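Make a model of the complete structure from these sequences and hints.
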Amino acid sequence: MTARSTAVPADAAQLTVLTGFLREFGSAVALDAAHVQTFELALEEIFMNIVMHGSQPGSTPLVEVSLQRAAESVTMTVEDNGPEFDPLSLPPPDVTAGLADRPVGGLGVFLVRKMMDTVSYARISGRNQLRMSKRLDG
Amino acid sequence: MNLRIEEIGDVSCVAPVGRLDFDAAPGFQEALERVFSGAGKTPAAVIIDGTGLEYVSSAGLRAFLLAARSAQRAGISFALCALQPAVREVFELSGFSRIIPVHADRASALAQAQQGRA
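Just so you know, the protein sequences line up as chains Z and U, in that order. Residue numbers for the first sequence follow the numbering used here, beginning at 1 and rising by one. Residue numbers for the second sequence follow the numbering used here, beginning at 1 and rising by one.
Just so you know, not all the hints are guaranteed correct.
Said to hold, decoys possible - A short list of chain Z residues far from chain U (calculated; beta carbon distances all over 12 Å):
{"id": "1", "residue": "5"}
{"id": "2", "residue": "37"}
{"id": "3", "residue": "71"}
{"id": "4", "residue": "75"}
{"id": "5", "residue": "129"}
What the hints assert, rightly or not - So the derived label-pair ranges between C-beta atoms look like this:
{"id": "6", "chain 1": "U", "residue 1": "69", "chain 2": "Z", "residue 2": "92", "range": "39 to 49 Å"}
{"id": "7", "chain 1": "Z", "residue 1": "20", "chain 2": "U", "residue 2": "72", "range": "34 to 44 Å"}
{"id": "8", "chain 1": "U", "residue 1": "75", "chain 2": "Z", "residue 2": "9", "range": "44 to 54 Å"}
{"id": "9", "chain 1": "U", "residue 1": "44", "chain 2": "Z", "residue 2": "55", "range": "39 to 49 Å"}
{"id": "10", "chain 1": "Z", "residue 1": "20", "chain 2": "U", "residue 2": "2", "range": "14 to 24 Å"}
{"id": "11", "chain 1": "Z", "residue 1": "137", "chain 2": "U", "residue 2": "37", "range": "40 to 50 Å"}
{"id": "12", "chain 1": "Z", "residue 1": "126", "chain 2": "U", "residue 2": "75", "range": "46 to 56 Å"}
{"id": "13", "chain 1": "Z", "residue 1": "127", "chain 2": "U", "residue 2": "114", "range": "51 to 61 Å"}
{"id": "14", "chain 1": "U", "residue 1": "74", "chain 2": "Z", "residue 2": "97", "range": "42 to 52 Å"}
{"id": "15", "chain 1": "U", "residue 1": "42", "chain 2": "Z", "residue 2": "64", "range": "46 to 56 Å"}
{"id": "16", "chain 1": "Z", "residue 1": "126", "chain 2": "U", "residue 2": "115", "range": "54 to 64 Å"}
Please keep in mind that the hints were generated in silico from the structure rather than gathered at the bench. None of these values were measured; they are calculated from a predicted model. Every residue gets a Cβ at the ideal spot worked out from N, C-alpha and C, and that includes glycine.
Below is the structure:
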């Protein structure tokens, strides 16, 4: 098992730092490019949600990202000390709606749920914790 | 992200190269709006060639959705082609491949655009 973590303020400019951290982890644990990209997408969606919805006047949450490689899976945990928010409580978008009726938002978390094998949310000690795992078979 | 824009008759082919993430999406959408309004004349069709498009997040999907609506309002046919597997997956999971036509390659997208006008 290999694990690494890092923390950044919930500021959009920090996403490139997190993506760099993820790619370094990916090469350290010999993750293929397709899996790295799946986690990059999940990281962008979840981190940008925190950036857009987690800040209150005068306070920027701190976001901690942990990556864990086990024999057959990779788990990414994203924690923040912002206001309690469970992204999994959002209703899924209607992916069958036509061009005119398609809502413009709400797709990010939906994509994460579709691309990961398990996604779970917990509120622990004043922190939001979102944990995402993907099996590496196939 | 970079954009290569090519005019083929009255069809504009737009080839984005790189990542269409939250950072790149607004600029991409503005660039498409400029293509729709045309420098002098409005194109009959706009094709997005995805050969060099490596990554699309929900912010990128949003740009495609808004662009497709603008194209529809302007009477311009709008389609994608040659998507990389990871990008195609995002289009399929989100159901976007049902609301924006996705062709296997540029030749079939061009053929479809020309047929649409025949």
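Now the hints, each set against the structure:
Interface exclusion of residue 5 (chain Z) from chain U stands, the closest Cβ pair being 23 Å apart, more than 12 Å. The non-interface label for residue 37 (chain Z) is inconsistent with chain U: the shortest C-beta to C-beta separation is roughly 5 Å, within 12 Å. In this structure residue 71 (chain Z) is separated from chain U by more than 12 Å, as the shortest Cβ-Cβ distance comes to about 24 Å. Taking the minimum C-beta to C-beta distance to chain U, about 20 Å, the non-interface status of residue 75 (chain Z) holds against the 12 Å cut.
Residue placement check: residue 129 (chain Z) keeps its beta carbon more than 12 Å from all beta carbons of chain U (closest about 21 Å). Remark: the range hint 39 to 49 Å for residue 69 (chain U) to residue 92 (chain Z) is contradicted by a beta-carbon distance near 22 Å. Take residue 20 (chain Z) and residue 72 (chain U): their Cβ atoms lie about 39 Å apart, and the range 34 to 44 Å holds. At roughly 46 Å, the beta-carbon separation of residue 75 (chain U) and residue 9 (chain Z) lies within the given 44 to 54 Å, and the hint holds.
Distance hint check for residue 44 (chain U) and residue 55 (chain Z): the Cβ-Cβ separation is about 45 Å, which falls inside the suggested range of 39 to 49 Å. For the hinted restraint 14 to 24 Å between residue 20 (chain Z) and residue 2 (chain U), the CB-CB distance of approximately 21 Å keeps it satisfied. At about 48 Å, the CB distance of residue 137 (chain Z) to residue 37 (chain U) agrees with the hint of 40 to 50 Å. Checking the proposed 46 to 56 Å range against residue 126 (chain Z) and residue 75 (chain U) shows it holds: the Cβ atoms sit about 54 Å from each other.
Distance hint check: the CB atoms of residue 127 (chain Z) and residue 114 (chain U) are about 56 Å apart, consistent with the given range 51 to 61 Å. One distance hint, 42 to 52 Å for the beta-carbon pair residue 74 (chain U) and residue 97 (chain Z), is violated here, with the actual separation near 21 Å. Residue 42 (chain U) and residue 64 (chain Z) have their C-beta atoms about 49 Å apart, which keeps the hinted 46 to 56 Å range intact. Roughly 60 Å separates the CB atoms of residue 126 (chain Z) and residue 115 (chain U), a value that falls within the hinted 54 to 64 Å.
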